[in-house]
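Participant: What follows is each chain in one-letter form.
Protein chains: 2
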Amino acid sequence: MRIVGYMMALMLASPALAEAQTPWRAIAPENLLVIDTDYGRTVIELNPEFAPNHVQRIRDLAAMEFYDGLTFYRVIEGFVAQAGRGEGEGAPVLPEAFPALLNENDRASAGLEFAHLGSPDLYAKISGHVNGFAAAQDPDSGRSWLQHCPGSMAMARDNDPDTGDAEFYIVLGPGTRYLDRNLTVFGRVIDGMEFIQKLNRGVRAIDSGVIADVARRDVIHSFKIAADMPEATRPAYEVMPTPSEEFTAHKTSKRVRNEEFFYRHPPEVVEACTVVAPGRRAVK
Amino acid sequence: MRIVGYMMALMLASPALAEAQTPWRAIAPENLLVIDTDYGRTVIELNPEFAPNHVQRIRDLAAMEFYDGLTFYRVIEGFVAQAGRGEGEGAPVLPEAFPALLNENDRASAGLEFAHLGSPDLYAKISGHVNGFAAAQDPDSGRSWLQHCPGSMAMARDNDPDTGDAEFYIVLGPGTRYLDRNLTVFGRVIDGMEFIQKLNRGVRAIDSGVIADVARRDVIHSFKIAADMPEATRPAYEVMPTPSEEFTAHKTSKRVRNEEFFYRHPPEVVEACTVVAPGRRAVK
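These protein sequence lines are chains A and B, in that order.
For the first sequence, the residue numbers in the numbering used here are 1 to 284.
For the second sequence, the residue numbers in the numbering used here are 1 to 284.
Just chain A, with the same shape it has in the complex (with noise of 0.2 Å):
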């Protein structure tokens, strides 16, 4: 009864989402990301409403298998997990075909279908998600841009915005929020961050996190697009679509906790990083 109890409560510290009422957005085989390592799948959702010629990079690498051998070499707890270039033995030399991108680590407001979160954000005027992935504005200029979460996908680059070009990040934790336009987020986990999570780590205060035994470094087996591989065996997926009612439930949720587990009320406030919205499996 013990045990039942104990799953109850915290069954109610994550209420059931809301029956689907809209169908949920498919998300396209260009746009989807699927990288396997030794511990599974993670299956990342691009974005080129945000950052269109990243996203081309991305899938002009993957498709001449530049990704594929190489590892996570840099990997900081609660921080970032970091690859493409590697560090000491094997760095790879990235054709000519491929210079430095311009940033986009912005955007213009206009023309998004902007969901407002409904909460105060510490870092900007207004938050809330474009498409599912967690966005934020700045009305005065007119701006928008894609938020650091844990899972979002970014490009490194040197100290000039526009020096990335195929260095990429996986955020891992919170307290990211202070890279948000200054860095270029071009995507975010959708399946598998657990696998991600399992990645070895360095030490940040050693070499900034670089892993010094190279044994130690997880490797990446493949990093392909899913419009790349074989249609009968690439993975699907979709989007819980946002704006929509069931998006708004599942923030509500989230939200404002009335189950009588919360003895007492919490704040109703919530981040527009941990309402992101969920992704799944489609049925092909």
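Treat the hints as calculated values from the structure; they're not laboratory data.
If a hint is listed, it holds; no wrong ones were tucked in.
Remember, identical chains collapse to one label, so a pair may be satisfied in a single copy or spanning two.
Straight line, CA to CA, 30 Å or less: simulated DSBU-like cross-link-like pairs of lysine-lysine:
#1 Lys-254 x Lys-198
#2 Lys-125 x Lys-254
#3 Lys-224 x Lys-198
With chain A fixed as given, assemble chain B onto it according to the hints.
Facilitator: For chain B alone, coordinates are given in the frame of chain A:
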């Protein structure tokens, strides 16, 4: 050269701490919990200043090896890793000597040395740190409490707030502050959080994250208080003191980003959870 550029640029995103100015606080071996799993050793500081009875319960159960051989049977990516009573095969019976505990989810602010964060917080009027732990205060009621952060260790319970007894969870991700003052936080991970992140996950939508396949549940090989380990082999840790000039510099380095890398100046905010006082191995 290019790789060096990347590394330098990314190191700037994580500036080195200021030189130590005050001695770090040694963690008493009675407050140091050591958990060994297949992935490595995780070290946790217990907090009797906020939760004396919960800490004593953990000490007592560790001394009788209650947790040794149990599993993290409910693990949800970005939420919590939970253990203590198991689910299904081998759920242990808690001896009668260990009744449910009265909650210790807040305490009087009087007598606490509170280091104010100096940034706004979404969930509490006053946010900051007490002896390195992220904490918050309500000036009206004169109460203080520990925040739910990634790495926080807390006691699970039934709907009644005074029903926790042995089942604990470690927080994996952000977005759990709504649990503050509803459940009792009694410790935080000082080292080895990456091994908790490697724990096999369940699926939240299936049985609330309980891992159905018992073989996939990661085992707690050892769960010991350092004071109960042989003095020659037990670990020793120390924590940056709060408040201190060094900790103030640490927070400022995370709040104010004046490095060339940030061509757009980020908002000067930070959250208590992401600037908890660093811990390190002590030289014995």
